[in-house]
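Peer 1: Sequence:
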Amino acid sequence: MRWKMMRFLVVWGWDPANAREVSRRFAEEFNPSEGVEFVYPVSTIIGANRGFTVIEAEREADIHRAVRGWLDLCTFDIYPIMRSEEAVKA
Numbered sequence: 015m016r017w018k019m020m021r022f023l024v025v026w027g028w029d030p031a032n033a034r035e036v037s038r039r040f041a042e043e044f045n046p047s048e049g050v051e052f053v054y055p056v057s058t059i060i061g062a063n064r065g066f067t068v069i070e071a072e073r074e075a076d077i078h079r080a081v082r083g084w085l086d087l088c089t090f091d092i093y094p095i096m097r098s099e100e101a102v103k104a
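Sequential numbering from 15 applies to the sequence shown in the working numbering.
The set of hints was computed from the structure by calculation and includes no laboratory data. A virtual CB, placed ideally from N, CA and C, is assigned to each residue, including glycine. Some hints here could point you the wrong way.
Said to hold, decoys possible - Label-pair distances were calculated between CB atoms; the ranges are:
| # | residue 1 | residue 2 | range |
| --- | --- | --- | --- |
| 1 | V53 | T89 | 18 to 26 Å |
| 2 | F44 | K103 | 13 to 21 Å |
| 3 | K103 | N63 | 17 to 25 Å |
| 4 | A33 | A101 | 34 to 42 Å |
| 5 | I60 | E100 | 21 to 29 Å |
| 6 | M19 | F44 | 27 to 35 Å |
| 7 | E43 | E70 | 21 to 29 Å |
| 8 | V102 | S37 | 18 to 26 Å |
| 9 | V102 | E51 | 20 to 28 Å |
Use the sequences and the hints to build the structure in full.
Peer 2: Quick look at the structure:
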């Protein structure tokens, strides 16, 4: 069964001591997971040690699977979001 695509705001952070490894891994190993589509650039940084993106996926579990390989370096907050037009219709 195919689900309706949903949008999620994904905010991540890392310890400043891990900044070099986060940058290296992103540059050398980042490969978007199947089942997720980046709506907003994944490389958007907030301040020194945080970033965010907007992702479309059928299920939140798809995003958890996509970030699993980064949990040794980063923390993630995942929020379901919708456009205001969608909220009015809901």
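Peer 1: Any hints from earlier that this structure breaks? Give me their numbers in increasing order, please.
Peer 2: Violated: hints 2, 3, 6, 8.
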